[in-house]
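Heads up: the sequence lines are chains A and B, in that order.
Going by this note's numbering, 118 is the number at position 94 of the first sequence; the sequence numbering is gapless.
Going by this note's numbering, 90 is the number at position 87 of the second sequence; the sequence numbering is gapless.
I should point out that these hints are in silico values taken from the structure, not numbers from a laboratory.
Only a predicted model underlies this, so the values are computations on that prediction, with no experimental measurement involved.
Using N, Cα and C, we set each Cβ at its ideal position, and we do this for glycine too.
Treat the hints with caution; some may be incorrect.
Below, a list of computed lysine-lysine pairs in the DSSO-like style, where the Cα atoms sit at most 27 Å apart [said to hold, decoys possible]:
#: 1; chain 1: B; residue 1: K71; chain 2: A; residue 2: K120
#: 2; chain 1: A; residue 1: K120; chain 2: A; residue 2: K97
#: 3; chain 1: B; residue 1: K27; chain 2: A; residue 2: K120
#: 4; chain 1: A; residue 1: K79; chain 2: A; residue 2: K94
#: 5; chain 1: A; residue 1: K102; chain 2: A; residue 2: K120
#: 6; chain 1: A; residue 1: K79; chain 2: A; residue 2: K102
Only some residues are given here: those of chain B computed to face chain A with a beta carbon under 7 Å [said to hold, decoys possible]:
#: 7; residue: Y34
#: 8; residue: S98
#: 9; residue: A100
#: 10; residue: G101
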Amino acid sequence: AQTVTQSQPEMSVQEAETVTLSCTYDTSESNYYLFWYKQPPSRQMILVIRQEAYKQQNATENRFSVNFQKAAKSFSLKISDSQLGDTAMYFCAFMKHGSGTASKLTFGTGTRLQVTL
Amino acid sequence: DAGVIQSPRHEVTEMGQEVTLRCKPISGHDYLFWYRQTMMRGLELLIYFNNNVPIDDSGMPEDRFSAKMPNASFSTLKIQPSEPRDSAVYFCASSLAGRQYNEQFFGPGTRLTVL
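Same shape as in the complex, but just chain A (with noise of 0.2 Å):
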């Protein structure tokens, strides 16, 4: 079974800086999906970044990034230029790779961040 876990409760950050979301997790497969899903006060879960395992280069998406360490099973998230916008929780979430099938996910316990003036 995949565990995900999340050991920022909360976090706090000002406009325009930078944070980082930290998110390890602890799985036997080789092959598999990681994604940072973000759920503001509207609980609607919305998909913020995805990282394939096999593949090396950390994922961007304007301005999230992220920094996987395939060996060290961390998987964490940056985002730059902080916006109001930004506060959240924050998911970090596992899905096992299947050739042509799906998978369920597994959610960590989440970071609520807050950005502030």
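With chain A held as given, fit chain B onto it using these hints.
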């Protein structure tokens, strides 16, 4: 496409009543997932379907919970009888196998309150 549609958005019921949550996946998607979000347990999978067939229901908490997918465009999650500890946000998500990353698209969720 309208995305994943869930109804109702909010449900308040009394203990012992039957509750039915509904989900319409994105057209053409062949996987459908039901997740539950609570403060105590976070986000956890209840059950998922592939081509309308249940694949993994190991997350269904007990016999009071049942899920069906009678066709490719509709699924229900039923709780009978409901209990206060069932209060949670229930999410439905769908995906298309073979699509890059097997990305799951989430509905807006149903907030269930059992009094």
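Structure-based check of each hint:
1. The suggested pairing of B:K71 with A:K120 holds, with an alpha-carbon distance near 24 Å, which does not exceed 27 Å.
2. About 14 Å separates the Cα atoms of A:K120 and A:K97, which keeps this hinted pair within 27 Å; it holds.
3. Proposed proximity of B:K27 and A:K120 is supported: the alpha carbons are some 25 Å apart, at most 27 Å.
4. For the suggested pair A:K79 and A:K94, the alpha carbons sit about 10 Å apart, so the restraint of at most 27 Å is met.
5. This hinted pair checks out: A:K102 and A:K120 have alpha carbons roughly 23 Å apart, not beyond 27 Å.
6. The hinted pair formed by A:K79 and A:K102 meets the criterion: a straight-line CA distance of about 18 Å does not exceed 27 Å.
7. Because the beta carbon of B:Y34 sits about 4 Å from the nearest beta carbon in chain A, less than 7 Å, this interface hint is met.
8. The criterion of a C-beta within 7 Å of any C-beta in chain A is met by B:S98, whose closest approach is roughly 5 Å, and the hint holds.
9. Interface hint at B:A100: satisfied, since its Cβ lies 5 Å from the closest Cβ of chain A, which is below the 7 Å cut-off.
10. Because the smallest distance between the Cβ of B:G101 and any Cβ of chain A comes to about 5 Å, under 7 Å, the interface hint for this residue holds.
The structure is consistent with each of the numbered hints, conforming to all of them.
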